[in-house]
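Following the hints, complete the assembly by docking chain U onto the known chain H.
Going down the list, the protein sequences come from chains H and U. Read in order, the letters of the first sequence correspond to residues 61 to 390 in my numbering. Read in order, the letters of the second sequence correspond to residues 3 to 181 in my numbering.
Simulated from the structure, these hints should not be mistaken for lab results. Mixed in with the good hints, there may be bad ones.
[Unchecked claim] Over 12 angstroms on every C-beta distance to chain H, these chain U residues come out as not near it, computed from the model:
| # | residue |
| --- | --- |
| 1 | Met10 |
| 2 | Phe14 |
| 3 | Leu21 |
| 4 | Ser33 |
| 5 | Gln49 |
[Stated by the list, open to error] Computed spacing ranges between beta-carbons, pair by pair:
| # | chain 1 | residue 1 | chain 2 | residue 2 | range |
| --- | --- | --- | --- | --- | --- |
| 6 | H | Ser293 | U | Thr53 | 34 to 44 angstroms |
| 7 | U | Ser149 | H | Met292 | 48 to 58 angstroms |
| 8 | H | Gly153 | U | Gln59 | 11 to 21 angstroms |
| 9 | U | Leu145 | H | Arg121 | 41 to 51 angstroms |
| 10 | H | Ile170 | U | Gly109 | 36 to 46 angstroms |
| 11 | H | Arg262 | U | Thr53 | 17 to 27 angstroms |
| 12 | U | Glu134 | H | Gly207 | 47 to 57 angstroms |
| 13 | U | Glu157 | H | Glu90 | 52 to 62 angstroms |
| 14 | H | Arg191 | U | Gln59 | 25 to 35 angstroms |
| 15 | U | Lys118 | H | Pro220 | 55 to 65 angstroms |
| 16 | U | Leu43 | H | Gly239 | 52 to 62 angstroms |
| 17 | U | Gln59 | H | Pro271 | 24 to 34 angstroms |
| 18 | H | Gln82 | U | Leu145 | 50 to 60 angstroms |
| 19 | H | Gly153 | U | Asp135 | 17 to 27 angstroms |
Backbone N, C-alpha and C define an ideal beta-carbon position, used for all residues, glycine too.
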Amino acid sequence: MLDHIIHILPYELKTIVNQLSQHIKNSLEEIRIRENRPLEISHHGSFHYVTEKGKTVLDSRQAYHPTQEQCRKLLERITNYSLYAMEEELRRGYITIAGGHRIGIAGRTILEGGHVRGIRDIGGFNIRIAREVLGASKQLLPKLFGGPSDSLQSTLIISPPQQGKTTLLRDLTRALSYGDYRKHAMKVAIVDERSEIAACVRGIPSFDVGPRTDVMDACPKAEGMMMLLRSMSPEVIIVDEIGRVEDAVAIREAAHCGVKVIATAHAYNIQEAFGRSEIRTLLQERAFGSVVELKRNEQGFMHRIISVDRMLEQNRQNHGFFSLTKKAGS
Amino acid sequence: MIVQTSVMLKLFGAVLIILAGTAIGFVQAASYVNRSKQLRLLIYSLQRLETEINYGQTFLPTALIKSSEGMEQPLSKIFTETAQLLEDSKELSMQEAWQQTIENVWGHTALRQREKDVLLRMGTVLGMSDAEDQQKHLQLAQLQLKSEEEQAVMEQQRYANMWRSLGTLGAILIVILMV
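Here chain U stands alone, though its shape is the one from the complex:
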């Protein structure tokens, strides 16, 4: 009876470890999938922003809100919160508001430092030059993000599946070692 209980307990523990391992693997895999997806959305919204600025001549706070439509949280927050800060405080410059929002939101996204640098660099000129120049800067940012996206897709193909199986297999290895 006692022997049977201990076997049951061990079995239960093993199942737990395997589940946890699998979960870790999936979470890791999801971060790759999310990153490429968020990058794609970000590029779309920058395209939209470019149109609003260059052809629509929309004022920047409105243009930011319009470009955030169709994007998901937390990414859309970068645009809406910046617009909000500009409308409310009136004490921050555009660059400061942009920077502050990105710092706040970044932790909740699957994006990395390189993309952050691209956006921050773009924030230093956003709004404050003529339409032609704005277009150039926005296109440059899109180009840079696109190359990040291509890399992200490649990484996703390579590592997402790997992590999914690696999590489970790793957990099984641990279980075997422990037995």
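Chain H with its partners taken away, still in its complex shape:
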């Protein structure tokens, strides 16, 4: 899994990462490289500094300090010696490499008319290790089917950050596209605004997202959904992190066309999600059939499925439960 990352690291850092214990390597989440500052890794939700011998320590003074030259070499390899071909990525602040890993970068920004045009003097890298968990959606998938015709329901997945939303979404895509459940392989389309779900490198998905899946990479969600509706005639559209007005318009449009949408949103629980006006409107319009609350623990994913119909019904009966958050949101 770390092969692609080891491959791009300069020699000294490569040696250090290779010396990390197998236990850490297996659960590595991030490698943070900052010029002339301590090398840091995060794993199992905690962080450590790393010494020259690949030992993890908590004292930053003992840690290895990557040099300017190493950072330059790292940048060259991430960009395939071609920073000029990465303008779009630099504007967004991260570069996706083979294997689906994302490398966030920080430095001095170049402005043009008040907007960020790119980054120069790059001095900080955050290598986020992407993990493909095949079968992550196995338990959830059958529960997304329902309704009068027992078909796939439009679903909104909500969870706090770092709980595996994207991993779950990716596996759902794969399973739907392969037809793992009910042997009915569906035409799936992904709008991958942040190149996270499919992690495309030059248009080709790094992850297995299924044989019947089309990806609109690095595309604004609302626009991408509209384009896919017109061009690829999907049965399901997968989209990450909705929440803006345009997103809602596009989701409504998809619903009109009879296309199902599986989307995610940042929120700790359903009450908080209901507090966001765009999401609340979509739920009230029944654009989604069900909402899934996601939590991750040691065993894996924990989810709670809430039917939107029942939720709205409940809300009407004891109008106090959601109305509080409603006021706070508006």
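Coordinates of chain U only, in the frame set by chain H:
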């Protein structure tokens, strides 16, 4: 009989000297011709590289190989070998690979230190800035090489013919002095 042999030998020696002198002259002349020709080709390939980088947004190793097409050995090696080094080793930075290749190839070309400096300077920034900046650097390098080329053409006109006749004439002078 003996006298005749020695005359023959002298004649043979004289012919050898004249041939050698002429050859030296031609080789010198050719270095002037080659230099201006290689400079011209180098400018063309930099133009190509500029297009690949600025409009094609091609990744640098591929862009280097594409720009080397239409160039002759040993000059094309500067581009292809750099690309090769980048693809293979993964331990060299772009600048190091570029420098190493130029040092290796330079002796086989007819180019001089000034052109080398231009290319080496260009190598320090190649690839590692936005397209606009890359274009500026590549154009600057082309401009500098162009002025070298103009000078090379002038030198060629002035010295190439001179060397050609000078070689033969010099050899004849030596022969006359020796007789």
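Taking the hints in turn, this is what the structure says about them:
1. Met10: holds (66 angstroms)
2. Phe14: holds (60 angstroms)
3. Leu21: holds (50 angstroms)
4. Ser33: holds (34 angstroms)
5. Gln49: holds (16 angstroms)
6. Ser293(H) / Thr53(U): 34 to 44 angstroms: 38 angstroms Cβ-Cβ, so the 34 to 44 angstroms window holds.
7. Ser149(U) / Met292(H): 48 to 58 angstroms: holds (54 angstroms)
8. Gly153(H) / Gln59(U): 11 to 21 angstroms: About 19 angstroms separates the Cβ atoms of Gly153(H) and Gln59(U), which means 11 to 21 angstroms holds.
9. Leu145(U) / Arg121(H): 41 to 51 angstroms: holds (50 angstroms)
10. Ile170(H) / Gly109(U): 36 to 46 angstroms: Given a distance of about 41 angstroms, which is inside 36 to 46 angstroms, the answer is holds.
11. Arg262(H) / Thr53(U): 17 to 27 angstroms: holds (20 angstroms)
12. Glu134(U) / Gly207(H): 47 to 57 angstroms: holds (54 angstroms)
13. Glu157(U) / Glu90(H): 52 to 62 angstroms: Given about 59 angstroms between the Cβ atoms, the range holds.
14. Arg191(H) / Gln59(U): 25 to 35 angstroms: holds (30 angstroms)
15. Lys118(U) / Pro220(H): 55 to 65 angstroms: Holds - the Cβ-Cβ distance for Lys118(U) and Pro220(H), about 58 angstroms, lies within 55 to 65 angstroms.
16. Leu43(U) / Gly239(H): 52 to 62 angstroms: Hint holds: Cβ distance 57 angstroms, inside 52 to 62 angstroms.
17. Gln59(U) / Pro271(H): 24 to 34 angstroms: This hint holds: roughly 30 angstroms between Cβ atoms.
18. Gln82(H) / Leu145(U): 50 to 60 angstroms: holds (56 angstroms)
19. Gly153(H) / Asp135(U): 17 to 27 angstroms: holds (20 angstroms)
In terms of the numbered hints stated before, the structure departs from none.
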